[in-house]
Amino acid sequence: MATKKYLLGIFDDEITLMKAVKGVRAAGTKIYDVYTPFPVHGLDDAMGLRHTRLHTAGFLFGATGVLLMFLYITWINTVNYPIIVGGKPYFALPAYIPVLFEITVLSASVGMVIAYFVRNGLSPIRQEPPLDSRATDHKFVVAFDAEELSGEMDNVKELLAEHGASEINEKEID
Amino acid sequence: MFVSPIREPLITGNKDYHQITEDIARPTEGRPQIGWIIGMGIAQVALLLGVFMMLWTIWYGIGTWNLNRTVGWGWDITNFVWWIGIGHAGTLISAILLLFRQKWRTGVNRAAEAMTIFAVLCAALYPGIHMGRLWVPFYIFPYPNTRAVWPNFDSPLLWDVFAISTYFTVSLLFWYIGLIPDLATLRDRAKSTLRKNIYKALSFGWRGSAKQWQRFESISLVLAGLATPLVLSVHTIVSFDFATSVIPGWHTTIFPPYFVAGAIFSGFAMVLTLMIITRKILHLEDYITIGHIESMNKVIILTGSIVGIAYTTELFVAWYSGNIYEQYAFLNRAMGPYAWAYWIMMTCNVFSPQLMWIKKLRRNLVATFILSIIINIGMWFERFVIIVTSLHRDFLPSSWTYYVPTFVEVGIFIGTLGIFFTLFLLFARTFPVIAIAEVKSIWRTSSNQAIEKFQQQEEAEAAAEKETATV
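First to last, the sequence lines map onto chains A and B. Under this note's numbering, the first residue of the first sequence is numbered 1, with each subsequent residue one higher. Under this note's numbering, the first residue of the second sequence is numbered 175, with each subsequent residue one higher.
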């Protein structure tokens, strides 16, 4: 893999970070990504990220699960092996509700978690190295792709310093 | 950033983001504390006793328990329901309090969720043993098989299979999703290569990018929304195991809400027991403050009062229904051979939590600790009273009996306590017991530094206004 170069602006708190992100975006520079130790509210909007569709996926997983389970139970109790228990009808919908509910929750949660891992690129084995290991502790890191910046590198550095970055680093990753 | 000066600070002491990481990650690094080693030793002895008694049961059969034709459910189901109940507080704290935007949840949710998972594991051991043939547990799952029959979808016992396995899975996922960012924090702090590699695998390569956090927030919210009805459904379904039967004392519609309130009640008691010890041994008093303890005590008053009302309602309905069998069942509870158990239950669950109306006691660690143990005992007796006293005098007076457990049943119960504490102690040494990222996210609004700063600003503004007014 070819080496990639990044420009990192490092901030000490989320308030300066938010101002800097807004400032840099207003200047028209493209941010590669921002790394923070905890979720900073409004950061995704400030960066112009799209809203996640994870919850929609969750709904679809749940709906699929409950429908399949409903058909499965109905098939078992009315077609495959109809059996009278306690004088109840073969197709006893109220009695199916608890199981259907649990299956809805189960399939929505498991499906969402799988989607979350896949979309976030989370894996125990294949991992990208962190750009700055302090980003999971107490530093807020704004990263730029050095290739995309090309000529503007110095301008961006100045812009970051102006917005209160405590450190400005360049980092190469292969 | 909105600071509420009238709310008690949730983080005390002089902190910054780095200090929070240091404080919470410290217990997982370095050597274990002496308290931890002693605790682990005791837990191991209990665990070994339990394993021995379980093997004994499996080897000789369930005849080694004192169950008989009249009392077919004894300590096994009592302990099963007790453990499941304890498991309810974790999800309540992490899911329902997340939906209600209660910030104090951040200090206790991680440990409470871990406790939930371990308690559900202990509970799940019981059906494994008492259903009889341990080597064919897959019979309970509906899959096409050569036996050509299916489990009964109209039976609450099968609903239980789905409820508990779903609850366990979803709690585990919810807990782990929250753990990933904190495990990444531990990974980036790790000094040795081995430690780094272990946390690297466990943290799934979390980097904390804006998009990852956005998805994290989304999945936390949706999982909380799903877990909220789930937690209520689990104990509802457990109560159906009883309520859909024809035994007087079990066959009542009050069971689902009554069981759910009782579950939350006992779960919070167990969280308090554990957190009071944990904060002391791991020196986390700045993150689990007296304010946290008081909030949990308030939940205890609420759920304890609901449980009290449920007991009274049962008695009232027995009288008001005019059903003599129902009336006898309740009279027998309060005045029969098991009256001692009934009055232990009443004292522990109904009278003692009312003491928590006194603010001084709510904020007193010793009083809270003792009360939490009392409630744990009381809630165990509630299950024992419901199960055994309803059964021991059945429809045929000649088969009436008095049930006492054998040493095997007692040993298995002690064993589950051992398993529970072993897992919890391992958790306290390997994972951050407080959600680091979540605590950091409330530092700017809810720490005592933030509140003091806000008050100083207010005062300065007021002074400035006064000056302009006089000029």
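No lab work stands behind these hints: they were computed from the structure. There may be inaccurate statements among the hints.
[Claimed, not checked] Below, computed lysine-lysine pairings styled on DSS-like, alpha-carbon distance capped at 27 Å:
(1) A/Lys157 - B/Lys472
(2) B/Lys472 - B/Lys533
(3) B/Lys454 - A/Lys171
(4) B/Lys472 - A/Lys22
(5) B/Lys365 - B/Lys472
(6) A/Lys171 - A/Lys157
(7) A/Lys30 - A/Lys19
(8) A/Lys5 - B/Lys385
(9) A/Lys19 - B/Lys640
(10) B/Lys370 - A/Lys5
(11) A/Lys4 - A/Lys88
(12) B/Lys454 - A/Lys30
(13) B/Lys370 - B/Lys277
(14) B/Lys472 - B/Lys454
(15) B/Lys385 - A/Lys4
(16) A/Lys171 - A/Lys19
(17) A/Lys30 - A/Lys171
(18) B/Lys454 - A/Lys19
Hints and how they fare:
Annotation: proposed proximity of A/Lys157 to B/Lys472 is violated, straight-line Cα distance about 52 Å (limit 27 Å). Simply put, B/Lys472 and B/Lys533 have alpha-carbon atoms about 10 Å apart, close enough for the 27 Å limit, and the pair holds. Our distance criterion of 27 Å between C-alpha atoms is broken by B/Lys454 and A/Lys171, whose separation comes to about 42 Å. Distance check on the hinted pair: B/Lys472 and A/Lys22 sit about 43 Å apart at the alpha-carbon level, beyond 27 Å; violated.
Our distance criterion of 27 Å between C-alpha atoms is broken by B/Lys365 and B/Lys472, whose separation comes to about 42 Å. Proposed proximity of A/Lys171 and A/Lys157 is supported: the alpha carbons are some 14 Å apart, at most 27 Å. A C-alpha spacing of about 15 Å is found between A/Lys30 and A/Lys19, which places the hinted pair at or below 27 Å, so the restraint holds. For the suggested pair A/Lys5 and B/Lys385, the alpha carbons sit about 21 Å apart, so the restraint of at most 27 Å is met.
For the suggested pair A/Lys19 and B/Lys640, the alpha carbons sit about 32 Å apart, so the restraint of at most 27 Å is broken. At roughly 25 Å between alpha-carbon atoms, B/Lys370 and A/Lys5 fall within 27 Å of each other, so this suggested pair holds. Only pairs whose Cα atoms come within 27 Å are accepted, and A/Lys4 paired with A/Lys88 is rejected, the gap being roughly 68 Å. Proposed proximity of B/Lys454 and A/Lys30 is contradicted: the alpha carbons are some 48 Å apart, above 27 Å.
Under the criterion of a C-alpha separation no larger than 27 Å, the hint pairing B/Lys370 with B/Lys277 is inconsistent with the structure, at around 31 Å. Simply put, B/Lys472 and B/Lys454 have alpha-carbon atoms about 21 Å apart, close enough for the 27 Å limit, and the pair holds. Proximity of B/Lys385 to A/Lys4 is assessed by CA-CA distance (about 20 Å); at most 27 Å being required, the pair is judged to hold. Only pairs whose Cα atoms come within 27 Å are accepted, and A/Lys171 paired with A/Lys19 is accepted, the gap being roughly 23 Å.
The hinted pair formed by A/Lys30 and A/Lys171 meets the criterion: a straight-line CA distance of about 17 Å does not exceed 27 Å. For the hint pairing B/Lys454 with A/Lys19, the CA-to-CA distance comes to about 40 Å; that exceeds 27 Å, so the pair is violated.
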